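Undergrad: One-letter residues, chain by chain:
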Amino acid sequence: MRRRALLSYCALGLGAVAATLSVGWWQVDGPGAPETATAAGRPLPLTAMDFALTDHEGQPVGPETLIGQPSLVFFGFTWCPQVCPTTLADISHWLDGLDSEAETLATVLITVDPERDTVDAMAEYVSYFHPQNRGWTGSAAEIARAAEGFRVRYERVPLKGGDYTMNHTAGVFLFDAAGVLVSIIDYHEPREFALPKIRRALTGGALGTG
Amino acid sequence: MRPFATAVLALALLTTAPPLLAGGDNVVIEDAWSRASIGTGRPGVAYMTLRNAGTEPVVVTGLRTDLAMMPMMHATTTDVQGVTRMAHMEEVEIAAGETVALEPGGLHVMLMDLQRPMVEGESYTLSLVFADGAEASIEVPILGFAARGPAD
Chain A
1 MRRRALLSYC ALGLGAVAAT LSVGWWQVDG PGAPETATAA GRPLPLTAMD
51 FALTDHEGQP VGPETLIGQP SLVFFGFTWC PQVCPTTLAD ISHWLDGLDS
101 EAETLATVLI TVDPERDTVD AMAEYVSYFH PQNRGWTGSA AEIARAAEGF
151 RVRYERVPLK GGDYTMNHTA GVFLFDAAGV LVSIIDYHEP REFALPKIRR
201 ALTGGALGTG
Chain B
1 MRPFATAVLA LALLTTAPPL LAGGDNVVIE DAWSRASIGT GRPGVAYMTL
51 RNAGTEPVVV TGLRTDLAMM PMMHATTTDV QGVTRMAHME EVEIAAGETV
101 ALEPGGLHVM LMDLQRPMVE GESYTLSLVF ADGAEASIEV PILGFAARGP
151 AD
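Going line by line, the protein sequences match chains A and B. FYI, our numbering numbers position 68 of the first sequence as 68, with every residue one higher than the one before it. FYI, our numbering numbers position 82 of the second sequence as 82, with every residue one higher than the one before it.
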């Protein structure tokens, strides 16, 4: 009996995942895909997301990890020497600029390349930046669920010589302590625009115009 | 009609006649820098500005360095939906008198297949090959892994 119950829970779980994924497909790439950037979808509240990943210290993490403190989340992959170091260096710079105000801020890089970004690879990588930065990875399926919640797109692109790169949404998402989206910092936005947005997240501001 | 025909002819001439290419000697390369790498498993990156001090366009057609087996130029672009992509650039043209900046977030040199780790404080030689066969070599300083610009 117990086993049967477990099985049906699993089936229910798989059904839920499949439903979530197909809803995600419908909204992101399917007939429901919005046509403009503004409608392309802002991340859901963290409380409405559901995924299970592992941080660079091997600890289980998920959207609930970020509730209770303001957070700054972006997607990337550590193989690339261009976008991710730039974003992480920018974030480290912002953190330095905010001093003690930013101590409560959780800053997380979620990889879109779990094949190369193992827990060890993430640990090595984030160690080069501000100690507040965390790196999250996990199975391809859980990464997909996370990306769906954040309305992030990514795709693998082969390169000459067998390597590959990843196209991906590069904005930095700011959430308040309740897990509500406060703002999005566009890739490479000047610091003078980024800092006020972060301060707004730190003080628990509501969703702004971006 | 006549001015229109003249315009069409001028356009045709502009688009069909290959531009006379000035020597790569006219290109001034400044503010070159690289980030340190983590080992050799990931590619390296190099940034610089290329100023064409000549009176004709100049085309960069290739790169050479003993640091990486496959140095290439990539352009990072971000579309309206905020998705960034990297595109391999076979060549990069610098118009007469213009400056092309290779900088974080945009055009950059990708150093694929690193032959040795890029260590902060060290430097390496990078050669740019131009369409006329000229080459310009520069010494690129390697800055910290989290460097954001040539002054860091």
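If you are wondering where the hints come from, they were derived from the structure by calculation, not from laboratory data. Model, not experiment: these values are computed from the prediction. Keep in mind that a hint or two might mislead.
If you anchor each label on the Cβ, the simulated ranges turn out as follows [unchecked claim]:
#, chain 1, residue 1, chain 2, residue 2, range
1, B, Thr77, A, Pro190, 32 to 42 Å
2, A, Ala52, B, Ala53, 22 to 32 Å
3, A, Ala48, B, Met69, 24 to 34 Å
4, A, Gly58, B, Ala53, 50 to 60 Å
5, B, Ala95, A, Glu101, 40 to 50 Å
6, B, Glu135, A, Ala52, 49 to 59 Å
7, A, Gln59, B, Glu91, 31 to 41 Å
8, A, Glu64, B, Thr49, 43 to 53 Å
9, B, Asp152, A, Leu98, 14 to 24 Å
These stretches of chain A come out as covered by chain B in the derived footprint (C-beta under 8 Å, 3 or more residues) [claimed, not checked]:
#, segment
10, 76-84
11, 87-97
12, 118-131
13, 136-143
Cβ atoms here follow ideal geometry from the backbone N, Cα and C, with glycine treated the same way.
Undergrad: All hints, please: hold or fail.
TA: Hints versus structure:
1. B:Thr77 / A:Pro190: 32 to 42 Å: 19 Å, violated
2. A:Ala52 / B:Ala53: 22 to 32 Å: For alanine 53 of chain B against alanine 52 of chain A, whose Cβ atoms are near 57 Å apart, the range 22 to 32 Å is violated.
3. A:Ala48 / B:Met69: 24 to 34 Å: At 47 Å between Cβs, range violated.
4. A:Gly58 / B:Ala53: 50 to 60 Å: With Cβ atoms ~55 Å apart, the hint holds.
5. B:Ala95 / A:Glu101: 40 to 50 Å: 45 Å, holds
6. B:Glu135 / A:Ala52: 49 to 59 Å: 53 Å, holds
7. A:Gln59 / B:Glu91: 31 to 41 Å: 47 Å, violated
8. A:Glu64 / B:Thr49: 43 to 53 Å: 46 Å, holds
9. B:Asp152 / A:Leu98: 14 to 24 Å: 19 Å, holds
10. 76-84: Contact hint for the segment 76-84 of chain A vs chain B: holds, 6 residues under 8 Å.
11. 87-97: Coverage by chain B holds for the segment 87-97 of chain A (5 residues, Cβ < 8 Å).
12. 118-131: holds (count 4)
13. 136-143: With 0 residues closer than 8 Å to chain B, the segment 136-143 of chain A misses the three-residue bar; violated.
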